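2 protein chains.
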Amino acid sequence: MKYPKPLQDLVDSFSKLPGIGKKTAERLALFTVNELSQEERELFHTRLASVNDELTLCPVCGVITDVTPCSICSDSSRDQQLLMVVEDTKDVFVVEQANTFHGVYHVLQGTIAPLKRRGPEDINLRSLIERLKDPSIKEVILALNSTVDGETTSLYIQRLLKDVDIEVSQLAQGLPAGGDLQYADEITLRRALEGRRVMKRD
Amino acid sequence: MKYPKPLQDLVDSFSKLPGIGKKTAERLALFTVNELSQEERELFHTRLASVNDELTLCPVCGVITDVTPCSICSDSSRDQQLLMVVEDTKDVFVVEQANTFHGVYHVLQGTIAPLKRRGPEDINLRSLIERLKDPSIKEVILALNSTVDGETTSLYIQRLLKDVDIEVSQLAQGLPAGGDLQYADEITLRRALEGRRVMKRD
Numbered sequence: 001m002k003y004p005k006p007l008q009d010l011v012d013s014f015s016k017l018p019g020i021g022k023k024t025a026e027r028l029a030l031f032t033v034n035e036l037s038q039e040e041r042e043l044f045h046t047r048l049a050s051v052n053d054e055l056t057l058c059p060v061c062g063v064i065t066d067v068t069p070c071s072i073c074s075d076s077s078r079d080q081q082l083l084m085v086v087e088d089t090k091d092v093f094v095v096e097q098a099n100t101f102h103g104v105y106h107v108l109q110g111t112i113a114p115l116k117r118r119g120p121e122d123i124n125l126r127s128l129i130e131r132l133k134d135p136s137i138k139e140v141i142l143a144l145n146s147t148v149d150g151e152t153t154s155l156y157i158q159r160l161l162k163d164v165d166i167e168v169s170q171l172a173q174g175l176p177a178g179g180d181l182q183y184a185d186e187i188t189l190r191r192a193l194e195g196r197r198v199m200k201r202d
Numbered sequence: 001m002k003y004p005k006p007l008q009d010l011v012d013s014f015s016k017l018p019g020i021g022k023k024t025a026e027r028l029a030l031f032t033v034n035e036l037s038q039e040e041r042e043l044f045h046t047r048l049a050s051v052n053d054e055l056t057l058c059p060v061c062g063v064i065t066d067v068t069p070c071s072i073c074s075d076s077s078r079d080q081q082l083l084m085v086v087e088d089t090k091d092v093f094v095v096e097q098a099n100t101f102h103g104v105y106h107v108l109q110g111t112i113a114p115l116k117r118r119g120p121e122d123i124n125l126r127s128l129i130e131r132l133k134d135p136s137i138k139e140v141i142l143a144l145n146s147t148v149d150g151e152t153t154s155l156y157i158q159r160l161l162k163d164v165d166i167e168v169s170q171l172a173q174g175l176p177a178g179g180d181l182q183y184a185d186e187i188t189l190r191r192a193l194e195g196r197r198v199m200k201r202d
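If you're matching them up, the sequences are chains A and B in order.
When we follow this note's numbering, the leftmost residue of the first sequence carries the number 1, and every step to the right adds one.
When we follow this note's numbering, the leftmost residue of the second sequence carries the number 1, and every step to the right adds one.
No wet-lab data here; the hints were simulated from the structure.
It cannot be assumed that every hint is accurate.
Same chains, same label: a pair holds when it works inside one copy or across any pair of copies.
[Stated by the list, open to error] No farther apart than 30 Å at their CA atoms in a straight line, the calculated lysine-lysine pairs in the DSSO-like style are these: (1) LYS5 with LYS16; (2) LYS200 with LYS5; (3) LYS5 with LYS138; (4) LYS90 with LYS5; (5) LYS2 with LYS90.
Note that this is a predicted model, so its numbers are computed, not measured.
Can you make the complete structure from the sequences, with help from the hints?
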């Protein structure tokens, strides 16, 4: 005996999500059917249905938004001279939550990933080049993930901008806040050493 | 800056599910918006919408089903003399997957749980008593979870059936298959000892 078809279908949909295996998908689907109130379930499916109509990518920076241009691009109080390049929408919200950056963003929607056959033309790079023709932009901060693909992409962009009169920088690498030296891996330690800051000159 | 409202709404819906915290809900919602194909997302929300119309509880045993009575209750090849009492629908499918039990089920939809103010009248007990008036039922197997609430419920049912002419049994407790003695907790070990089977008599 298998689950009734509508239930099995729902299990299949849940198991399409990242990090959700078969067992968890079963638990989520059964919970949805069994424990969620009628009202909550209706909210859930109408939200899923509407999310596609109500959300779009910002035509300027590429972040997921419900207004165009997005609330960051249209915020005149933000520093339009400072452009942070990130991999995806999630990163924008992570940086925003830290409340420490007041420039604007450019979302690549991925990275160059040779092993996944994703080249420069498959990510949102062309529009970055277009944006950088605006002479008001003074600095591009590359805030890609510290992975092989992220660093490949950083390097690619750095070369691309070699002859353009814009400063290009990268987020500092080193020990995380609260990080214990004995748990740091070799690469982190090496980069923390390379990037050391002078506290007092003799 | 917060997520756009439709996205935040979807995050809220995901975080209602069990084991899904704020971070995971954000990841699932972003994945749904960003990575799921239009088609998969539509399947997902129509399945969520239809699950409530297409599924119901079996009027006989209480399992979630899309036909009434469910495919187990209406299967004449199953042993109707043997009734297994379980906590919820999930348990029925777990036992079915083991393919070792060929009787029928009764789903309690929960347990007696004094701390959660759930008494005998809050679970599917009345219909169990009704069912047991059928003289064809010879044995009731209590297959509730080995938790305080599960065992309280087992005990309650056992007392309830004290004067009824039906055999009442409980699943064996002991070491799990592949279980290592040194990792067994004291209670499991004690029960495995109490329930030991004679292999050879002198």
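Status of the hints after comparison with the structure:
1. LYS5 with LYS16: Close inside one copy (17 Å) and across copies (24 Å); limit 30 Å.
2. LYS200 with LYS5: Neither. Shortest intra-copy (70 Å) and inter-copy (48 Å) distances fail the 30 Å Cα cut-off.
3. LYS5 with LYS138: For LYS5 and LYS138, neither the intra-copy (58 Å) nor the inter-copy (32 Å) Cα distance is at most 30 Å.
4. LYS90 with LYS5: between (34 Å within a copy, 15 Å between copies)
5. LYS2 with LYS90: between (37 Å within a copy, 11 Å between copies)
Going through the hint list in order, the structure does not satisfy hints 2, 3.
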